[in-house]
Amino acid sequence: MHMRLTAFLVITLIAGLAFASEGGTRPDLTPKDLERVRAVTAPATDFSKPENFEQLPAGAATVKKRVNQDIFSFSSANLTFEQEEQFKLGNALFRKVWVSSPASTEASDGLGPLFNARGCQNCHLKDGRGHTPSGAGDDAVSMFLRLSVPAHGEADQQALAGGAKVIPEPTYGGQLQDFAVQGLKPEGKMAISYTDEPVTLGDGMVVTLRRPDYSVTDLAYGPMADDVMLSPRVAPQMIGLGLLEQVPAEDILANADPDDRDGDGISGRANFATEEGVRQLGRFGWKAGTASIRAQSADAFAGDIGIATPLVMKPHGDCTAAQADCLAAPTGEQERLGPSEAPDPVLELVTFYSQNLGVPQRRKVDDPQVLRGKQAFYEANCTSCHTPKFVTSRDAPTPAHRFQLIWPYSDLLLHDMGDGLADHRPEGEADGYEWRTPPLWGIGLTETVSGHTEFLHDGRARNLTEAILWHGGEAQAARDAFAQMSKSERDDLVAFLESL
Amino acid sequence: MKTISTLALSIGMAAMSTSFVAAAEPTAEEILKTYADIALAGYEDALTTAKALDAAADALIANPSEETLSAAREAWRASRPSYQQTEAFRFGNAIVDEWEGKVNAWPLDEGLIDYVDTSYGSESDENGLYTANVIANSKITIDGAEVDAAEITPAFLQDTLQEAGGIEANVATGYHAVEFLLWGQDLHGTEAGAGERPVTDYSTDANAKRRGQYLDAATDLLVTDLEEMVANWKEGGAARTALAESGIATILTGMGSLSFGELAGERMKLGLLLHDPEEEHDCFSDNTHVSHLNDAVGIQNVYLGKYTRVDGSVIEGPSISQLIAARDPALDTEIRALLDATLTAMHEMSARAEGGEAYDQMIAEGNEAGNAAVQKAIDGLVAQTRGIERAVALLELGDTVTIEQSDSLTNPEAVFQ
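Protein chains in written order, with our numbering: chain Y, 82 to 581; chain F, 9 to 425.
Be aware that one or more of the hints could be misleading.
Claimed, not checked - Distance windows between CB atoms, simulated: (1) LYS217/F <-> TYR295/Y: 44 to 54 angstroms; (2) PRO411/Y <-> SER321/F: 53 to 63 angstroms; (3) ALA301/Y <-> ALA200/F: 38 to 48 angstroms.
Hints in this document: simulated from the structure, not taken from any laboratory. Glycine residues also receive a C-beta, built at the ideal position from the N, C-alpha and C atoms.
Use the sequences and the hints to build the structure in full.
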């Protein structure tokens with residue numbers, strides 16, 4: 082376990098206190114319902130057959146379409162025709178290509194000036210996971226570098242205390258944009274080099290991991306700060322997000338154990354974000370730095386595409402004061418369409434879309450190998466962080482999200498994942514070693530949807546076995562248990578993951 | 009007491025005789041047979057007109073002239089109504105929905121296929137194929153790997169170019185790819201005018217031969233794709249067989265999803281919202297009004313169990329309309345009226361287009377009358393979906409049609425039993 086800065090500890094304590102009043106039991110349930118929820122979310126004990134409803138990881142929202150590369154792109158199964166329309170409008174905007182200003186289509190301009198992508202789906206390919214560059218000439222990447230610097234001086238400290246998640250790199254901002262509109266230079270290029278790292282498993286089998294090293298080339302706006310912190314991020318899959326948003330905070334915080342009082346070596350800490358003036362539990366992003374899908378969408382519009390929305394009014398996207406040409410470039414704001422580049426209701430529709438991409442039903446749920454793998458997953462204690470089940474809130478704003486038994490296999494909390502995975506870049510209350518447990522639902526369909534099997538925040542793992550072997554820190558014991566399994570036990574466990 | 013019971017009895021008899029006169033209630037099997045027969049006839053008609061398009065394209069390639077180009081465009085236009093009417097079968101029939109992207113995907117990044125105007129933009133982008141222009145380049149790069157595009161074949165379009173790099177806008181096949189090859193880009197924005205591809209693109213242009221190759225491959229592929237769907241609806245075909253399990257909910261799902269989300273929403277409301285001619289379904293040819301109108305016709309076809317074929321003959325049989333009429337005549341009357349109202353609005357919109365104001369002009373910012381004409385059709389589609397939802401409730405199909413009050417929401421016991 083790594084020592085965190087005292088400041089973070091203090092913040093954590095304050096956060097704990099602040100949230101204590103909001104913690105406790107779920108306010109949305111009667112005592113009787115609460116009992117039922119506890120019973121149905123209890124860990125599995127019988128591995129001879131599937132659990133009830135295990136086939137349907139998203140409850141009534143589960144998608145039961147034919148499995149092909151479109152399988153992540155369908156709406157939840159329990160939407161009304163009208164909600165289906167909202168979803169489809171959102172989908173159209175999600176795949177919309179934004180253009181630079183000024184353009185004849187004034188409602189569609191405002192791209193950049195600096196950007197990583199022209200449209201949402203250009204990174205969220207088929208609504209699945211992004212991937213690392215497949216070759217030197219491959220610009221078609223769906224990952225980028227986040228940038229920040231440590232706090233220098235009082236102003237930075239105050240910014241962090243006031244809710245800023247990071248201190249942006251002074252010249253290049255919060256992320257490296259590798260594209261720019263005509264007449265401006267892109268900020269630079271992400272460069273990756275990999276070093277082979279052989280790992281010997283308990284049975285003598287050798288698995289070669291690739292350890293990435295990141296740098297930036299072609300810097301167009303001068304040198305970066307010496308103490309810049311880079312964090313590579315692959316676009317995550319988009320399914321089931323609205324259901325995760327409706328897991329009651331009480332149920333997530335019930336699994337938090339920031340000081341590891343139970344002594345199992347696993348902490349589980351919450352991240353928090355102040356959104357629209359309210360401090361809330363963080364759930365989304367690789368470090369749970371964002372509380373709501375609306376905020377996540379608005380941040381992506383601003384940072385990745387350079388489009389201002391009513392929630393993040395940054396028509397110049399991630400341009401900094403040091404990038405005068407960028408700030409001088411025309412924006413896509415038209416007064417009569419409203420004050421933002423993406424006019425209402427663009428953000429609401431994209432948010433609705435992102436909340437309602439359905440989770441496909443599981444395959445082979447009763448296959449003996451899958452059931453053995455499920456048992457191995459439990460016995461290796463993977464479930465300490467990859468929490469199998471939750472029941473969503475009865476108070477969810479969208480009826481389709483209410484009171485569903487869901488199986489994301491995530492506690493949505495932060496865990497120290499060790500030196501191997503550390504990006505050494507804090508974000509909000511997450512330190513440079515912590516990552517949020519990513520949901521595992523749909524993970525077995527990655528190859529079908531995305532044509533690859535790259536996992537983890539930067540896609541370094543080329544298959545599920547490598548992904549498991551990268552686990553360290555709090556997950557070291559679970560990783561070691563996997564490494565000590567026989568070949569057939571490991572195959573069982575992977576078969577279980579592939580059935581998700 | 010006695011008086012009242014006599015009255016009740018007479019009302020009961022009147023009700024009985026009314027329903028008896030109205031029609032005997034058709035069975036689900038009978039209704040589904042009509043539905044499948046209309047699907048088969050519809051896809052057969054789409055195939056016939058696609059074959060005519062294929063022949064016209066062959067003639068254009070063999071002998072490029074204003075006449076053959078014009079004839080090919082006419083053949084494309086003629087192929088659209090019958091296909092669009094089959095769209096009522098798309099949602100609800102998983103096998104159709106899975107296949108649909110091959111033949112009618114839109115919008116497309118046309119720079120993948122052929123030359124585009126400089127206003128289209130050439131900046132590099134995550135879609136590395138944004139301006140790949142396969143017609144001008146016998147080698148292209150997909151996801152960092154060089155791909156040999158020396159021969160433009162149906163297999164190359166279907167297996168390599170379609171959705172290359174996982175980008176859905178990389179549409180290489182289907183009606184809209186062919187449309188682009190025949191018309192070219194519509195550079196008039198929301199002003200009058202469609203695409204104006206010159207015939208020299210197929211004769212003297214440096215890439216004329218490869219463009220012809222592409223057109224030939226795309227039209228051949230359209231024919232084979234439609235042949236596949238015709239086979240699915242024949243006796244014993246996969247789509248027809250699947251109906252036994254999915255039942256009559258399939259019909260209402262298809263009607264509702266096409267009406268509201270797909271047509272009223274994605275294809276119409278979005279364009280109106282953004283006033284963006286790129287959000288036009290048949291954007292190269294300015295044929296959008298025909299496509300939208302025939303979607304609405306297709307929805308009415310499956311409700312009434314009646315389809316007028318391209319040759320004028322009529323397929324007709326027991327319908328879901330009759331089933332609803334037998335149980336709630338007022339609802340059937342209402343739904344018919346709602347479908348009629350939508351068609352009236354679609355015809356009005358279509359008349360504007362035929363009269364010289366194309367669909368992309370109608371959705372232009374500031375064109376209040378045009379905007380209103382499109383909005384009226386949207387309103388009709390939304391209203392008819394409300395009627396369809398009532399039909400779902402009447403027939404107690406809520407479990408299988410994807411609507412809000414699905415079982416596990418209203419009855420949590422279904423989740424926690």
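Here's how the hints hold up against the structure:
no.	hint	verdict
1	LYS217/F <-> TYR295/Y: 44 to 54 angstroms	holds (46 angstroms)
2	PRO411/Y <-> SER321/F: 53 to 63 angstroms	holds (59 angstroms)
3	ALA301/Y <-> ALA200/F: 38 to 48 angstroms	holds (43 angstroms)
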